[in-house]
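Keeping their order, the protein sequence lines are chains A and B. Those letters in the first sequence? Residues 211 to 457, per the working numbering, in order. Those letters in the second sequence? Residues 211 to 457, per the working numbering, in order.
By construction, these hints were calculated from the structure, which means they are not laboratory data. Each hint should be verified, as a subset may be incorrect.
Just so you know, same-sequence chains aren't split out, so a pair can sit in one copy or run between any two.
[To be verified] Below, in silico cross-link-like pairs of lysine to aspartate or glutamate (EDC-like), each with a Cα-Cα straight-line distance of 20 Å or less: (1) K233 <-> E249; (2) K411 <-> E255; (3) K233 <-> E306; (4) K437 <-> E345; (5) K417 <-> D216; (6) K411 <-> D386; (7) K212 <-> D434.
Spelled out from the first residue to the last, the chains are:
Number of protein chains: 2
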Amino acid sequence: MKLSLDANEDIPVFRQVAQALRKKILTGELQPGQRMPAETALASENGIHRSSVREAIRSLEQQGLLYREEGKRKLFVSTPSTATLSRKLVTPMIMEGITFEEIWETIRALDPVVAEAAAHRRNTANLQALEENLERTRAALGDTDALVRLDIEFHELIALAANNRVIQALRLPISDLFYPSFQAVMISLNAGERLLTAHEKILQAIKWGEADEAREWMIRHLNDFHKGYELASLDIRQPAALQASEA
Amino acid sequence: MKLSLDANEDIPVFRQVAQALRKKILTGELQPGQRMPAETALASENGIHRSSVREAIRSLEQQGLLYREEGKRKLFVSTPSTATLSRKLVTPMIMEGITFEEIWETIRALDPVVAEAAAHRRNTANLQALEENLERTRAALGDTDALVRLDIEFHELIALAANNRVIQALRLPISDLFYPSFQAVMISLNAGERLLTAHEKILQAIKWGEADEAREWMIRHLNDFHKGYELASLDIRQPAALQASEA
Numbered sequence: 211m212k213l214s215l216d217a218n219e220d221i222p223v224f225r226q227v228a229q230a231l232r233k234k235i236l237t238g239e240l241q242p243g244q245r246m247p248a249e250t251a252l253a254s255e256n257g258i259h260r261s262s263v264r265e266a267i268r269s270l271e272q273q274g275l276l277y278r279e280e281g282k283r284k285l286f287v288s289t290p291s292t293a294t295l296s297r298k299l300v301t302p303m304i305m306e307g308i309t310f311e312e313i314w315e316t317i318r319a320l321d322p323v324v325a326e327a328a329a330h331r332r333n334t335a336n337l338q339a340l341e342e343n344l345e346r347t348r349a350a351l352g353d354t355d356a357l358v359r360l361d362i363e364f365h366e367l368i369a370l371a372a373n374n375r376v377i378q379a380l381r382l383p384i385s386d387l388f389y390p391s392f393q394a395v396m397i398s399l400n401a402g403e404r405l406l407t408a409h410e411k412i413l414q415a416i417k418w419g420e421a422d423e424a425r426e427w428m429i430r431h432l433n434d435f436h437k438g439y440e441l442a443s444l445d446i447r448q449p450a451a452l453q454a455s456e457a
Numbered sequence: 211m212k213l214s215l216d217a218n219e220d221i222p223v224f225r226q227v228a229q230a231l232r233k234k235i236l237t238g239e240l241q242p243g244q245r246m247p248a249e250t251a252l253a254s255e256n257g258i259h260r261s262s263v264r265e266a267i268r269s270l271e272q273q274g275l276l277y278r279e280e281g282k283r284k285l286f287v288s289t290p291s292t293a294t295l296s297r298k299l300v301t302p303m304i305m306e307g308i309t310f311e312e313i314w315e316t317i318r319a320l321d322p323v324v325a326e327a328a329a330h331r332r333n334t335a336n337l338q339a340l341e342e343n344l345e346r347t348r349a350a351l352g353d354t355d356a357l358v359r360l361d362i363e364f365h366e367l368i369a370l371a372a373n374n375r376v377i378q379a380l381r382l383p384i385s386d387l388f389y390p391s392f393q394a395v396m397i398s399l400n401a402g403e404r405l406l407t408a409h410e411k412i413l414q415a416i417k418w419g420e421a422d423e424a425r426e427w428m429i430r431h432l433n434d435f436h437k438g439y440e441l442a443s444l445d446i447r448q449p450a451a452l453q454a455s456e457a
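Looking at chain A on its own, in the form it has when it is part of the complex (with noise of 0.2 Å):
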């Protein structure tokens, strides 16, 4: 395979192959599962060393966009998952002394416009499996630890149902990030009846497409959480680290 490298001496060799080679694969010139050259036939035919392709291999790799299986030598070009990447940032979020307040805040941001969105773009499916998480919530008023799953879930059905899928990815660690903090509000305040009707609002308001009135009440239903957290006499200030890292 022949790559189209630049011969220009600023950029060391193996940064200019792993470059070309990402390329062809963001083009789809190298299709997912397709097995890659090997790096002597690669060193050969663009008259480079094989130092340097393999250099630009273990690049790609790191990417995820090579991948070999455990323990043999095969490489196969790949797509790395939007979701499995975007969960790692979970981690340094923590060592980074992340607050709950930080993370209520970008919730804060995008769930209204999920909303709206889901307003507009909803279909059948997508209703359907939100009635039947409210279904569930309704039988699980009395279960603190089932609330906080499906509020969750709740929440992760509206991002699907306003189908974009760069919120959806962002809000993965958000989400698991979350979870703690939450359920500590609902441990301390019986705010069960007042979630399920903030979620009915809500849908109702997504399925007669009125994006106005589910962005209203996404913003009164977030509000009100973070209410719950002074009420609870916890501080949002904390960092979300021990608890998350006990998850």
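Start from chain A and add chain B according to the hints.
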């Protein structure tokens, strides 16, 4: 180093080891920069196979929690960078054919809340950096490339002033993906004056601590971009792919 392993037979030993080490890093018992104990020591002290330790270490390396200098054996604890990890999302997003509209909608969700937060939390250094950015924007009204770069910087400076590390990290891949579409709009429209006015209004509101005003001007500014896309007869439902892969 003694690890508290589960003795749960359903979870492979290497995964238990990885989990235990990860916890020590997340809780700060193992600090970034610290040398990792040797494989053999970890294996014998915990009565487990060396291969389990090796596989656990490989998994932590992939998570960016352990670092090894090129070609050397010594392993050190490291903090994976939120920014580096987040930027890696650009590649799978291009491969999935993310559209400009999905990217725009994500910024439309984040930046109004960011502007609001900046009006509450900005400090003198933030304001000075923003003033300087405006100064350079006024001087660059004829230069499309410079305007695009300065606009992206303006939004990043506001995210900095908002002091929310989660949003700062999540904005990075979006900013990278947004660049080419933004450039297309700026080239086909003469939108410099309009952009400058919006930036002036946003900065003034942030300076005076008027959060509502900052949010509303940010929304107007972003809606302008969306309209600009239509006026320039560009299709906002196109994948961001090709342009971004060439960037």
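> Hint numbers the structure violates, sorted upward?
Replying inline: Checked against the structure, the hints that fail are numbers 2, 4, 5, 6 and 7, while the rest are satisfied.
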